[in-house]
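Novice: Residue-level listing of the chains:
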Amino acid sequence: MRLFAIGLALGVALGASTAFAQEHPPTPSTTEPTGLPAPWDTDDPAELMRLFDRAVVRNQPGQIPMVSTVLLRGVPPNVAASGLEAIQRSGRAEGSEAVLRFLSHRRPTLRRYAVAAAWAIHTPAMVRAIESSLGDPSAAVREHAARALGEIGDAHSVTALWQALEHDVDRTLRPEGSELAHRAAVSIARRGTPEDITRLLTFMQRASFTAMSEALQAALARTDVPDPIKVNVINAVGNLATPDARTFLTDFARTAPRSPLGRQATETASHIQQ
Amino acid sequence: MKTRLSLGLCGLLALAACRSIAGTAGFELDRGPSSRDDLGPVIARIANANSAAVPAVAVVLPPSPAQGFSVFELPSGRRLSQVSARIDTRPIIVGDVILSHVQGMVVAWSLDGTERWRAGDDGLSLNAAARDGDHIAITLGGNGLSTHQGALLVVDASSGHRVSERRIAHALGQPAMAGNDLFVPWDGQNVSVFDVDSDQEIARVRSRDVMALCVREGSAVYLGGRGLYRLSPAAAENGLTPPPEASDADAGAASTPRPTSATRWALPRADLPGNTPFSIDPYTTVRSGMNARERVRALWRPDPARPDVAMTDGKFYSLFYRALFGMDATTGAIQWGYLHTADIVSAEVVRGGVVFVDEQGNIAMVDQATGARRWGTSLNAAAQQVVLQLPMEFTAGSTGADANPTSAVERLLAVAGDSDTRLMPAQLFAVKGLAESTSADATRALVAIVTHPSNTQDLRAAAGEALTHRTSGGYAITEALSARYDYLRQPIVPPSGLLARALASSHEQSGVAALVAHLNDPATRAADVADIAAALRDLGDPAALPALQEFLRLYHADFGEVTPPGGGDAIDERADENSGTFLQALGAVAEAIARIGGNAQLASIDDAISDQRTPRDLRATLAGARSGHSTAGTAGTPSTGGGGSSEPSSMVVGVGALAQSQIDEAFAPVRPRLLECLRSATSRPAQVRIQFRYDTDGRITHPSIGRAEFQQCMGEIVTGVQLPTSTAGTEIGTFYLQVIP
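Going line by line, the protein sequences match chains A and B.
This note's numbering applies: residue 1 is where the first sequence begins, and numbers increase by one.
This note's numbering applies: residue 1 is where the second sequence begins, and numbers increase by one.
Think of the hints as simulated: they come from the structure by calculation, not from any bench.
These numbers were taken from a predicted model, which means no experiment stands behind them.
Incorrect hints may have been included.
[Stated by the list, open to error] Covered stretches of chain B, as calculated for chain A (at least 3 residues, CB under 8 Å):
1. 551 to 558
2. 561 to 571
3. 606 to 613
Cβ coordinates follow ideal geometry from the N, Cα and C atoms, glycine included.
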């Protein structure tokens with residue numbers, strides 16, 4: 001469920017139609033803007049972008065909040081993109097207010113910048129906000145959000161990613177599958193529990209192998225996933241018995257040829273006709 | 001002497017014999033209408049005529065290729081007989097006789113299926129019949145009003161012996177009998193009254209109103225065609241003329257209701273689904289087999305127990321395939337709707353409700369007050385066509401009654417929400433029924449129609465338009481607004497603009513928070529943003545001010561291209577909405593701020609106007625929104641600034657845009673011409689949005705019609721509209737053409 005930054009001093013409650021909104025409603029408040037101090041009070045876009053750069057480089061307290069304040073006063077889109085990028089590069093939570101507001105901006109491109117900035121800040125509130133972006137009207141924003149959650153997500157995020165995967169896996173005519181389903185699968189593989197990985201294997205028949213292979217690679221690469229689970233992954237791929245499956249197993253075996261998993265992969269691959 | 005007397009007596013007898021077979025002159029064109037004194041005895045006889053009880057029966061014609069018909073007793077549903085004759089006209093039931101037409105003959109059967117008699121048809125079709133006692137009057141012809149060719153027979157009901165016969169060069173309609181008096185409408189304007197015994201035309205009624213049918217109901221006879229008159233002293237006094245308010249120009253409009261008076265009843269509304277006429281054309285034979293005219297009908301039955309001309313239970317009904325509506329016979333107010341599971345092939349009004357038969361052979365009765373089913377059973381016979389004969393006081397019991405009857409609102413909603421695309425006229429009519437109800441439940445039902453994604457655009461537009469006039473049930477609108485777009489959970493964008501307008505109409509303050517949420521939702525269309533802002537303005541809740549100001553701040557400079565993350569070509573995803581619609585939305589936001597807030601809030605508008613990055617045309621819009629609410633100077637000074645990649649519009653700066661009321665007033669004279677453009681449309685929207693540019697001199701250019709199919713026709717009309725002069729420079733205007741009133 002996409003949470004919309006209301007930006008009201010009243011903290012207006014969002015509609016009760018989604019669980020995520022009820023759990024973690026980010027309600028950035030915008031107070032009445034006061035006069036900006038120089039040099040931030042300039043209208044010159046180029047000058048503003050220089051100030052944003054400097055704020056990142058100097059990394060001093062008070063600089064990123066000024067960036068946020070400038071963005072919330074309303075700027076042309078290229079300036080907004082520059083400001084959000086500065087917040088992203090700084091990774092400072094002081095930029096959260098603007099990030100939350102721009103996560104519901106009317107421009108999909110700026111929402112993507114905001115997702116990237118939220119990713120960089122990665123406080124729990126930002127993670128919740130990115131989860132809401134899985135329901136964004138723009139496919140590019142949804143995919144970016146899914147990708148971000150693969151890096152910074154938690155157990156709550158995995159639940160949101162499952163919703164995205166379930167929703168999209170059957171809803172595309174593209175042979176390679178939906179990009180959101182792809183990214184959601186990868187992120188689940190990266191952040192989910194062993195049970196989540198086992199559940200991912202049930203999608204092998206529904207999703208394209210192209211969409212699933214990266215997820216399966218991510219699962220096999222994790223050091224915290226027990227070997228029996230990884231064996232299940234190998235066997236599940238082997239059961240596909242396709243040339244792509246053979247290539248997958250062969251490539252994996254090459255990364256750890258002497259390990260038990262590597263030998264398992266080699267043997268499983270050998271049963272697949274070329 | 002004796003011889004002369006004998007000869008005279010023989011002559012009289014011979015003359016009487018001739019009269020009884022060949023008939024005396026009647027239907028003379030040079031005969032004038034009868035006076036009130038002449039009609040008086042006729043009217044008196046009607047009131048005293050005995051009215052024989054008629055058996056309640058249904059004659060059911062099976063679907064093709066089967067032939068013939070079956071007769072069922074009602075309400076038991078017991079099959080009385082089955083006739084396999086190859087009939088070609090809709091059967092007519094007159095008491096215990098069934099008439100139809102078979103290969104050049106009029107044939108009469110008893111209810112038990114035995115053939116009683118046959119009569120030649122003189123090469124004409126069986127059109128209509130009436131009965132009183134032992135006589136049956138039959139009109140032949142049935143080729144429409146314009147074909148002046150017909151025959152009138154009076155026969156003995158049992159033997160078919162011809163009592164009288166006339167072949168005439170007139171079109172004959174639906175006759176009626178009361179005692180020995182026979183009433184025959186002809187040529188659309190006349191009703192001749194014949195004495196059956198003497199076979200003389202004893203009275204004549206002529207009317208400027210249409211005369212097509214005569215109906216005997218108990219102690220009354222009614223005449224009419226587009227309206228119904230009760231043959232009474234009062235009607236005779238008026239000469240059966242329509243009230244003075246009816247114009248001659250309406251004479252050709254079958255769907256235009258004529259005013260009702262104490263002596264005349266007409267359909268009180270002209271918008272029945274399917275453009276339903278007053279009755280099935282009585283001058284045209286109804287053939288056997290499926291007939292759409294029988295499935296799209298107005299249903300009414302005069303009540304002789306009520307004074308003058310009044311309908312049974314004060315109701316009339318409209319049938320449209322599977323949908324049935326009950327309406328007040330005086331006001332036309334829609335009181336209930338009923339949706340059946342199959343096409344209704346025949347229906348008749350009785351006291352207490354409507355009895356109908358569907359194409360699967362199920363028969364039922366719905367209550368006149370609520371539309372709830374009171375009785376139902378099955379004839380176990382599929383039906384392509386059914387003829388019902390039911391006494392006024394038909395009683396059916398309670399078998400098959402609705403166990404859990406739903407409310408009138410719920411039933412109207414069921415009609416409106418049906419997926420059968422044939423029923424669109426009935427669905428729209430059901431929406432009207434909901435709109436006519438002032439209850440909060442009706443508001444909720446309209447909201448359900450608007451927000452249900454499977455409903456057609458026309459239906460949702462009609463319901464939405466009705467919502468904007470609601471004054472109760474605003475909570476239902478607020479509830480609907482709580483749903484917002486979410487790709488995973490709510491992939492349909494709610495009609496937030498329409499709901500916003502409805503919320504403002506009903507003054508529902510509880511919806512302000514939901515409106516604000518939609519204002520900030522990127523899935524909300526630019527056009528809806530304007531409606532939301534206008535609604536917030538009208539609701540006047542200061543709690544909305546921070547969100548409105550923040551919205552204006554965020555977007556007043558959001559114009560131009562931006563490079564995507566990670567590089568690539570710069571794009572302007574908002575170019576289309578920024579070209580006009582969103583500017584108006586921002587203007588609406590500014591107007592809301594100005595209306596609700598004080599000088600402190602006006603400063604936020606001033607900030608946007610003075611910002612060099614605000615495009616000039618937007619500055620003009622903002623200044624126009626502000627100008628009516630403060631004397632603290634005006635904004636909108638032309639600026640050469642606006643650097644960066646955003647390109648300010650080259651439009652001339654100006655203030656003082658026209659008010660919406662001025663635009664509406666200027667468009668009023670061309671509204672009929674604009675509506676003409678919709679004549680060939682496959683679906684009529686509830687409203688059409690027309691946008692355009694206009695200049696200081698009020699000239700309109702660049703018309704943009706909301707529906708592309710109307711662009712050419714409406715565009716030409718729009719550019720011809722002359723708006724008032726203004727100091728606007730170049731502005732963008734909008735006119736909403738309301739199609740559904």
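Novice: Return the numbers of the hints above that this structure violates; sort them in rising order.
Specialist: none
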